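**Student:** We have chain A already, so just place chain B on it with the hints.
There are 2 protein chains.
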Amino acid sequence: MLGNFTYCNPTKLYFGPNALDGLAPELAKYGKNVLLVYGGGSIKKNGIYDKVVSVLKACGKEIYEDGGVMPNPSTQKLYEGIRRAREAKADLILAVGGGSVCDYAKAVSVSVNCDEDPWDKYFIRFEDVSCPVVPVGCVLTMVGTGSEMNGGSVITNHEQKLKIGHVFGENVFPKFSVLNPEFTFTLPKYQMISGIFDIMSHILEQYFSGTDDNTSDYVMEGLLRSLIHSANIAVKEPTNYEARSNIMWIATWALNTFIAKGKDTDWEVHMLGQAVAAHTDATHGMTLAAVSMPYYRHILPYGLAKFARYAQNVWNVRAEGKTQEEIAAEGLNAMEAWMRSIGLVMNISELGATKEMLGGIAESTLVMQGGYKVLTKEEILAILKESL
Amino acid sequence: MLGNFTYCNPTKLYFGPNALDGLAPELAKYGKNVLLVYGGGSIKKNGIYDKVVSVLKACGKEIYEDGGVMPNPSTQKLYEGIRRAREAKADLILAVGGGSVCDYAKAVSVSVNCDEDPWDKYFIRFEDVSCPVVPVGCVLTMVGTGSEMNGGSVITNHEQKLKIGHVFGENVFPKFSVLNPEFTFTLPKYQMISGIFDIMSHILEQYFSGTDDNTSDYVMEGLLRSLIHSANIAVKEPTNYEARSNIMWIATWALNTFIAKGKDTDWEVHMLGQAVAAHTDATHGMTLAAVSMPYYRHILPYGLAKFARYAQNVWNVRAEGKTQEEIAAEGLNAMEAWMRSIGLVMNISELGATKEMLGGIAESTLVMQGGYKVLTKEEILAILKESL
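Chains as they are written, first to last, in the numbering used here: chain A, 1093 to 1480; chain B, 1093 to 1480.
Derived by calculation from the structure, the hints in this document are not laboratory data. Keep in mind that a hint or two might mislead.
Copies of one chain are not kept apart here, so a pair can be met inside one copy or by any two copies together.
[What the hints assert, rightly or not] No farther apart than 25 Å at their CA atoms in a straight line, the calculated lysine to aspartate or glutamate pairs in the DMTMM-like style are these:
(1) K1153 <-> E1471
(2) K1353 <-> E1118
(3) K1353 <-> E1262
(4) K1104 <-> E1118
(5) K1104 <-> E1262
(6) K1253 <-> E1471
(7) K1328 <-> D1304
(8) K1477 <-> E1455
(9) K1477 <-> D1183
(10) K1465 <-> E1118
(11) K1328 <-> E1262
(12) K1121 <-> E1262
(13) K1104 <-> D1220
(14) K1477 <-> D1207
(15) K1353 <-> E1274
(16) K1149 <-> E1412
(17) K1149 <-> E1471
(18) K1477 <-> E1417
(19) K1136 <-> E1470
(20) K1253 <-> E1412
(21) K1398 <-> E1334
(22) K1353 <-> E1428
(23) K1353 <-> D1113
(24) K1398 <-> E1274
(25) K1447 <-> D1220
(26) K1149 <-> E1251
(27) K1465 <-> E1422
(28) K1121 <-> E1428
All figures in this text were calculated on a predicted structure; none of them were measured in a lab.
Next comes chain A alone, as it looks inside the complex (with noise of 0.2 Å):
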């Protein structure tokens, strides 16, 4: 069921192999001061930032530098980032890696001209941006969380052992975002299969909530399909354009709001992964596989009609001669193996989770609303003990 929404998502994307080439007519939409956001120094190595550099000064741009952003960005690093931006006056934040730098760079962007503490207004009252936000542009260099064309922004506050995302609106997404499928290459594979399973977090997550029959629940099973194919490849042969550009385009259209709606969606995982982050530090899209089987296995019986239509459409289980119930475990059954198949961790413990965490974890697991199981405590602690 449609029901009532509102659409519009005003990012413009630069893809391909000459993605590079959309960087100066955007800059020249926006003053001289620029802050240069990035992680921990990869785009040093592999040439990127030396190509984005040179873009910036044949612009005339002022470059003013904010590197070192870790892939779980804290509310520490936050601040310095605001001071930064404002010791810059920047007239555009420019964030150069993966989601994580992407994610950061909105968050500075809409806490510059902010008076309050930002992690208490945005990530836990999660109230609306009163403040002028600093534009944001992006060169993406990591696939996985969608960060380049929405207005999410995911950061963990250590002391807390909180890892919180706001979802901000249309004036905080980038304005821009260079999508070259061949910035992603020399990303480890470790990186790149976390970031695949991100992808795939972010398409299930929608997927198993509601009932109804909606067109975004056919576009999703086609969007799996293509990932679960690409990444395939990708693993085998890392610089396969082919492979790696339909995950990146997966990516961004998994997590830019057009799938979502007029849906219910759900957000568990990342909501059990994200405590699991703030208590180990550990790469996102791990976490989220780390705790996907046991959590999907645990609400089947309440969403059985979607997981035996998720196992038939998207794994290609046959349905002749089994009960609903078997169509949908073989479903889970082949998903946990192609997710060992391509080297995901599948259990937290891996992460850095040992058994006396749990209660802490479970305490910093937001429930959410719109899946098909409301968790209690213990069935979050539950699903943690089966994880670990």
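**Tutor:** Chain B alone, transformed into the frame defined by chain A:
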């Protein structure tokens, strides 16, 4: 292979039973003179005209009317619309109707400030817009063309027997579109199924081209499956909101440029159908339906693998023990049986075409370069004979 492309779609959509609530906040962004564009007057019978006018008046707008837009908007009507828009000093053109009305509104919007003949400039010479564009908004009452979220505009020159489309850039896209599925409930069945086949044709024109493994192909299979499913419901229950809302949403995404990105596309069925319409003034979707089966059976040998994939992934044809040719043919047979089952017109003679017209129709048919087989004039004539 997702090569180089840019993507940007700034149209804001208001969807659902309350979609018209989006009109007032949008109107606030524009000056007081609104050119209200509509078709043959059905909106006056079903109450949509009154609803829209009451919002315009409540927002203090001066309303200038331009009704009588015909299903295949003509150059003559376009010249009239330009005069009316100039007299009104229109700050906004508000199209209330189906794709023809939206297409027409866009054609007027790029012509008001244009010194040349817009037919020659845009539809014969395919030139870019070089003058200020009057903003367009849409309230959709018929589903199919996707005109509500793209830059497409098709105009017919009856003297020259040419029906030609121009795909304008983002600055010509509607600024906003109001999509209320309930506004389509009272449409006659002939118009509804014509729109449904227009949607299917848009998807197939983009699907049957290219040999790469492209995510868009998977998404299109999902859109087609959902369309077929919802169409089967809608022909029996025209007021089934779930089915009509899915069809409306599919129509928008079938032609808002998303699924075309990075892909070859064909559009020869539209060239054939538009040539038929230029000679018969028949309903757009029906002209596409009437030429599709002969066209697809003709090009099948040149795109065999894709037709076999289509048969399996869209029409559930089982592959075991069959040749690719058999699988592919079975898929097209299933498509034809479905088209007949929902009541589409399957030959152009029912649309008013005669044997004597075929030479002229062939002459009016543009030859596209993106499909599995670039047609010769002889092949076009042979396909039209098969369609008779």
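**Student:** For every hint, state whether the structure bears it out.
**Tutor:** For each hint, the structure was consulted:
1. K1153 <-> E1471: Close neither inside one copy (53 Å) nor across copies (57 Å); limit 25 Å.
2. K1353 <-> E1118: between (29 Å within a copy, 20 Å between copies)
3. K1353 <-> E1262: both (15 Å within a copy, 22 Å between copies)
4. K1104 <-> E1118: both (9 Å within a copy, 22 Å between copies)
5. K1104 <-> E1262: both (12 Å within a copy, 11 Å between copies)
6. K1253 <-> E1471: within (20 Å within a copy, 69 Å between copies)
7. K1328 <-> D1304: Close across copies (19 Å), not inside one copy (38 Å); limit 25 Å.
8. K1477 <-> E1455: The answer is within: 14 Å in one copy meets 25 Å, while 72 Å across copies does not.
9. K1477 <-> D1183: This pair counts as neither: shortest intra-copy Cα distance 48 Å, inter-copy 63 Å.
10. K1465 <-> E1118: For K1465 and E1118, the Cα distance exceeds 25 Å both inside one copy (45 Å) and across copies (39 Å).
11. K1328 <-> E1262: neither (38 Å within a copy, 39 Å between copies)
12. K1121 <-> E1262: Both. Shortest intra-copy (18 Å) and inter-copy (17 Å) distances satisfy the 25 Å Cα cut-off.
13. K1104 <-> D1220: Intra 23 Å, inter 20 Å, cutoff 25 Å: intra and inter.
14. K1477 <-> D1207: For K1477 and D1207, the Cα distance exceeds 25 Å both inside one copy (42 Å) and across copies (73 Å).
15. K1353 <-> E1274: between (31 Å within a copy, 18 Å between copies)
16. K1149 <-> E1412: neither (64 Å within a copy, 60 Å between copies)
17. K1149 <-> E1471: Neither. Shortest intra-copy (55 Å) and inter-copy (55 Å) distances fail the 25 Å Cα cut-off.
18. K1477 <-> E1417: The answer is within: 24 Å in one copy meets 25 Å, while 53 Å across copies does not.
19. K1136 <-> E1470: neither (46 Å within a copy, 59 Å between copies)
20. K1253 <-> E1412: Neither. Shortest intra-copy (48 Å) and inter-copy (55 Å) distances fail the 25 Å Cα cut-off.
21. K1398 <-> E1334: For K1398 and E1334, the Cα distance is within 25 Å only across copies (17 Å; inside one copy 31 Å).
22. K1353 <-> E1428: neither (28 Å within a copy, 32 Å between copies)
23. K1353 <-> D1113: Between. Shortest inter-copy distance 18 Å satisfies the 25 Å Cα cut-off; intra-copy 32 Å does not.
24. K1398 <-> E1274: Classified as neither; 36 Å inside a copy, 27 Å across copies.
25. K1447 <-> D1220: The answer is neither: 38 Å in one copy and 65 Å across copies each exceed 25 Å.
26. K1149 <-> E1251: Answer is neither; intra-copy 39 Å and inter-copy 56 Å both fail.
27. K1465 <-> E1422: within (21 Å within a copy, 42 Å between copies)
28. K1121 <-> E1428: Classified as neither: same-chain Cα gap 47 Å, cross-chain 51 Å, threshold 25 Å.
Hints 1, 9, 10, 11, 14, 16, 17, 19, 20, 22, 24, 25, 26 and 28, counting from the list given before, are not met by this structure.
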